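The whole structure should be built from the sequences, with the hints applied where relevant.
Going line by line, the protein sequences match chains A and B. Residues 0 to 352 in numbering that gives the first Met the number 0 are what the first sequence lists, from first letter to last. Residues 0 to 319 in numbering that gives the first Met the number 0 are what the second sequence lists, from first letter to last.
It should be emphasised that the hints constitute simulated quantities derived from the structure, not laboratory data. From a predicted model like this one, the values you see are computed outputs, not experimental measurements. Yeah, the Cβ is synthetic: ideal placement off N, Cα and C, and Gly gets one too. A portion of the hints provided could be inaccurate.
[As the list claims (entries may be wrong)] Pairwise CB distance ranges, derived in the manner of DEER restraints:
| # | chain 1 | residue 1 | chain 2 | residue 2 | range |
| --- | --- | --- | --- | --- | --- |
| 1 | B | Arg86 | A | Thr13 | 54 to 60 Å |
| 2 | A | Ser239 | B | Pro162 | 31 to 37 Å |
| 3 | A | Pro92 | B | Pro144 | 45 to 51 Å |
[Said to hold, decoys possible] Covered stretches of chain A (in silico footprint by chain B; criterion: 3 or more residues with CB under 8 Å from a CB of chain B, positions within the stretch not fixed):
| # | stretch |
| --- | --- |
| 4 | 208-222 |
| 5 | 229-243 |
| 6 | 296-304 |
| 7 | 308-321 |
Single-letter residue listing:
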Amino acid sequence: MSPTVDLLIPQMATGDSTSNHTRLIQQLLEDKGFETRVVVERKSRSDGSDLSVEKWRGDARVSILQHSIGSEVAQFVIRKKTPVVLNYHNITPASYFQSWQPELAKSVQRGRQQLGQLARLTRRGIADSEFNARELRDLGIDDVVVAPVLWKLGSDVPPSEPGDSTDIDGGGTVLFVGRLAPNKCQHDLIAAFAVLSRFRPQARLVLVGQASPPQYLHSLKSLARRLGVHGRVVFAGKVSDKNLLQWYQLSDVLACTSEHEGFGVPLVEAMANGLPVVAYDAAAVAETVQDAGIVIRDKRPVTMALALHRVLSDGQLRQSLRDRGVTSAQRFDISVTREQMWIALKDLVEVED
Amino acid sequence: MSELDLRQVGAEIEADADKRRRQDREIAQLEHDIEQAWADIAESESSRHVIDEDGDFLNQAANLAALDPHVPIGSRRGLRGVKWLVRKLSYWYARFLTDQFNVFAGVLIRHLRDVETRMGRLEGAAGYLGDGTVPAGFGVVSSPPEPSAEVVSQAAGLAGSGPCLVLSGGEGAIVEAISGRGISAHGVEQDPDRVLTGLRRRIDIRAGGVLPHLVGAEDGEFGTIVLTGLVETLPLRDLVGMVNQASLKLKKTGRIVVAVADPATRARVDAELGSGLGISPVTWRHLLEQAGFDASLEPCSDSRITEIVVAQRPAPPSRP
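Right, dumping it as structure tokens:
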């Protein structure tokens, strides 16, 4: 007997937002009384998956495919011509990886080719953001619903302190959270930080996230050294959820110079933790931040540095960003996003037998 | 403030930046230099994967360079005969050409291998640090624990003039104690968790590799350099390089304080894995004396670090 819903994902990994999202969809559907099964490329005992895709028959009432990169799972769906609900998290353009990691470039290119083929098999598209939804509509998918990524927002907003409305004397901690990757453009942030250091010699830049590809991390370190700011740039690597929360609380502003964000989970986490956001207007960034952060259209070093300097030196602005951020992040609270996801799936899974 | 228009703020910032670029030539030049720096680094680093990911680049080149004149002729009967005939006719000439090319490629690759070996030796002799961000013993032997109160108090007490650099700074206890004496101090630490803990206590701990940080400092920048923590896990070559670098980066009257445990007291697993990593206080004293310092051992009541090395440049001879 096949379950009602098959959840297809290339692999389940700890700390991966798409894997967490899948687990939460599974939890949502099981809470509603539906039987589910997680289908992956290769089943492992420890990752919570139930079936390898080679053994998947595609006969569940609904199959939901998570798609963000070329995968064997997507290839099986295409080969079997199984209609799916396509949960699209966007695919980073291959050009960002071409010169750094050609095999990753090939993989994302394959993902994009598969996306074109999957469009014909898609019953409904579920997109993290309006930006992603537009891409699906452009591929000819008419039925597209926007439902953000599901994740449990870790936040612990400390009460406002009187000192918080003043200039952060000559320093301040600028935070970036996310993979260290060419499309996230941390090199632009280090460049901006080098300019910021002229205005604020005690400032510090913290980059939290794993490097992919490793040569890019090496280049970032070389750049920081070349610009003379290596002593004030912290490469924190991949951190635990608890440490991440601490970084959010310890920092004074979150900066994002990414050129390709299908949604931007760290932007929301920062807002939820009362951390002001300064971000470059690209892809879905403005849509995620809305009117709760400073979004600039030019990320050349001087512009980005001035934006960060403004936030660090203007206590009132910081307080306003903090208040708006906390309010705005409530849009992505798990209770809200779960409901949105349920609305997106309800009529498909509740069909009477 | 709730009426604040953030789009307007963003537009103001962009306008301000444009104005500064127009009016301040130095800012415009700085921005240009920064962008150029990244362009240079990205170009050289992104092409590095060709060598890194293909393993031995020269082996790949050697394989590619060896031309094979034996053209596959397939298995279809009619075509096979024609191909065989064509191959036979052109074989002697192709063989003649490829032999010459293969000899040339072989000689070229042998020379390149020779150059690679020599460069490796040269880098070794010059104390090349690689990218230097991870100490050789980091992760192989257990990270040294944070210094005890005795070590903190004694190492901080032995620090001379500022500014003071603590390598590696751990969570910042020694930096904090030295700063408490009114001496400007900062630490450098490799382990992000320890950096995080230090930062939460508002101590000036910076993330990074101990050697690159020292190499990047100005000559004569520091009054005191404290060597402790992860220094215990570095190989001798790096320690010698560190003493040479510290000697350059110290002021003329500068002082080096070394607070490390004796590797001979390590537990068995660490002793076996960490063979060749770290040296005892006595050897530190010897090394520092060889580098021209007056060095002495100060007893310490800590159970791990029983002696602290203090080294200072000898006073210049007084004029008769």
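Each hint, compared with the structure:
1. Arg86/B <-> Thr13/A: 54 to 60 Å: holds (58 Å)
2. Ser239/A <-> Pro162/B: 31 to 37 Å: holds (34 Å)
3. Pro92/A <-> Pro144/B: 45 to 51 Å: holds (47 Å)
4. 208-222: holds (count 8)
5. 229-243: That given contact holds, which follows from 10 residues of the stretch 229-243 of chain A lying within Cβ reach (below 8 Å) of chain B.
6. 296-304: holds (count 6)
7. 308-321: holds (count 6)
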